[in-house]
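Engineer: Residues per chain are reported as follows:
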Amino acid sequence: MTSNGALLEVKDLFKYFPIYAGLTSRHVADVRAVDGVSFTIEEGETLGLVGESGSGKTTIGRLLLRLLPVTKGSILFENQDVLALGRAQLRRLRRSMQIIFQDPFASLNPRMSIGTIISEPLRIHGLATGKAIDARVRELLELVGLQPYHANRYPHEFSGGQRQRVGVARALAVSPKFIVCDEPVSALDVSIQAQVINLLEDLQAKFKLTYLFIAHDLSVVRHISTRVAVMYVGKIVELADRDALYLNPLHPYTQALLSAIPIPDPVLEKRRKRIVLTGDIPSPVNPPAGCRFHTRCPVAFERCVAEEPPLREYAPGHFAACHWVEEHGGRGPELVSVVK
Amino acid sequence: MLLEVGNLRTTFRTEDGPVTAVNGLSFGLGAGETLGIVGESGSGKSVTALSIMRLLARNAAVTADRIAFNGEDLQAKSESEMRRIRGYKIAMIFQDPMTSLNPVLTIGEQIAEAVRLHLGADKREARERAIEMLHKVRIPLPEKRLGDYPHQFSGGMRQRVMIAMALSCNPQLLIADEPTTALDVTIQAQVLELMNDLQRETGAAIILITHDLGVVAEFCKNVLVMYGGNLVEYSTAEQIFSEPRMPYTQGLLASLPRLDDTEHRRLEPIQGQPPNLLRLPPGCAFAPRCAYRMPICDQPVPLYDFGQGHVARCYLYDERARDQRPVTAQALPTVGHL
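Protein sequence lines, in the order shown, are assigned to chains A and B.
Everything in the first sequence is counted per numbering that gives the first Met the number 0, starting at 0 for the first residue and increasing by one.
Everything in the second sequence is counted per numbering that gives the first Met the number 0, starting at 0 for the first residue and increasing by one.
Calculated directly from the structure, the hints in this document are not laboratory data.
Treat the hints with care, as some may be off.
[Unchecked claim] Pair ranges (Cβ atoms, derived):
(1) Pro297/A <-> Leu104/B: 35 to 45 Å
(2) Asp72/B <-> Pro287/A: 49 to 59 Å
(3) Arg123/B <-> Ala105/A: 43 to 53 Å
(4) Pro297/A <-> Ser153/B: 12 to 22 Å
(5) Ala83/A <-> Arg278/B: 49 to 59 Å
(6) Ala105/A <-> Glu192/B: 28 to 38 Å
(7) Gly306/B <-> Leu66/A: 56 to 66 Å
(8) Arg57/B <-> Glu156/A: 24 to 34 Å
(9) Asn101/B <-> His155/A: 31 to 41 Å
None of the values given here were measured: they were computed from a predicted structure.
All C-beta atoms, glycine included, are put in the ideal place defined by N, C-alpha and C.
Kindly generate the complete structure, drawing on both the sequences and the hints.
Structural biologist: What follows is the structure, given as structure tokens:
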């Protein structure tokens, strides 16, 4: 545990992907995928991480597991400095931290049987041998709602939803404490999404798992998360308890994002007002100066162009990075009543 | 009726045997109307559009009792007649604008091509029309952007270019196949708003194919729900969302987390997997996953009429199946079928 009781503590995390160009492959610029991000995740909670493409949410998930090298910053997992670990220690850490990927078609090796896929982590970490492996694979398959005989089959024999269950079983094989769920239901059909969401919730309750749930679907995130962080071009712009974020969003970007999501209810949709942002999401290679959202923000003023707003706590546990909010005593601009 | 489709059946020859993608679909669409076709992957919604447009590959066999556009039989048209309809009277936009735009032509050339071909405009008129259309879809500095190639635009802008191209000849019908699925939500909102404005301006009918029930609720007047290659429910959007009759439609709505859920409720997923199109059941395609399944569901299911155009394909509402109903469905009304 870290000093404040968090399972995971991320401080000032940066990830720049260099861009090389020209004959001499000169370093010309960086994609600033993650540009100074701090947050904590408490044991047993689900932190939802939302944002549009290019916001850096997937990169954060990979950095936490050190699947990508960190440019700068610190990551503490159970008070252990993740970035200081050597190879052997890192392998041990990955028994506690696992990941479920978005694309259930690309994340399973087509030449391996389901049994081999699920047992691979057991072998790598030396958690079981011989008959015990088969028994554990059967147990895991049943845990995720598949049948023991599925162990002998290959990924192509399964539908998207079933494959994602295999991905969940593989992540669970080493009995982790923490799982990064990177868009785990985005590739699935609606009727199958709910099956996988319920499965993730059941497993969390059963094994006291902690999740980082990365998604662009704000309806799914509201359903599954304890707290939610909203990202925009490499930065967290708002972080709050689920209900606070959805019922009282402070940051104009969060408000616009929530208003843009259509609700499956035509009567309600007719009454709702939508903030249609103009322009496109800026490039993380050359993000706007000051507040990165100022180019699209309906309430931006001079300060937003000149000065980058810090992430400040405006109510207990409710953080936002916005000059407008600061100058209006911690109120959001109330662009629309977001949900009802 | 602007478009009438009767008993459309599309089968693909594959190595594993015939795959039935559309299985006896009938529907109609009035001028200026907005119809949402919803369904999951493999339900046949995109193949329906491609069958109507006659854009399928040779391994597809399309049969129908009727495919009529403005009263004219599209099946009887020659290929060159079809080419004069496509992109002119009926335009189509696809999910991924990057693969539907030609990467080696400027967008100006691509918009102008359709205008010259269908409207007989000369070079200068076509260029002016292209600028006008880009302006309409709110591309900044259209005169300048005309000479740019597709890769120089962002995803949202490319989709707006597609819309500009599709609407450049004032089509009577626009078929939009998952037009916002590849876009971020703030960009999706821009594109939907744009389609809405342009529809109001041009009076074109729109068929919006999507898996997103939220987009349907926002955008469509009428909704057609597809499952296993056929229509399982059709009504106004209000009716579909407030009083869904078919257990599949009900299941979809119950399985959806909503942005406005304040209480944490457990989602109710539909059990099982989508149907295998190589082996569709003889009766209701949804029966293997249905909580109300009855013995009669193994027989072909007619459409039941709930009045005001609301129809659903389900035996639960049949007088003959009354004594087969599960306890939870005892109180349902029975109605006549078509």
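Engineer: So, for every hint listed, does it hold in this structure?
Structural biologist: These are the hints, each one checked on the structure:
no.	hint	verdict
1	Pro297/A <-> Leu104/B: 35 to 45 Å	holds, 37 Å
2	Asp72/B <-> Pro287/A: 49 to 59 Å	holds, 56 Å
3	Arg123/B <-> Ala105/A: 43 to 53 Å	holds, 49 Å
4	Pro297/A <-> Ser153/B: 12 to 22 Å	holds, 20 Å
5	Ala83/A <-> Arg278/B: 49 to 59 Å	holds, 56 Å
6	Ala105/A <-> Glu192/B: 28 to 38 Å	holds, 34 Å
7	Gly306/B <-> Leu66/A: 56 to 66 Å	holds, 57 Å
8	Arg57/B <-> Glu156/A: 24 to 34 Å	holds, 29 Å
9	Asn101/B <-> His155/A: 31 to 41 Å	holds, 33 Å
Consistency with the previously given hints is maintained throughout, with no hint failing.
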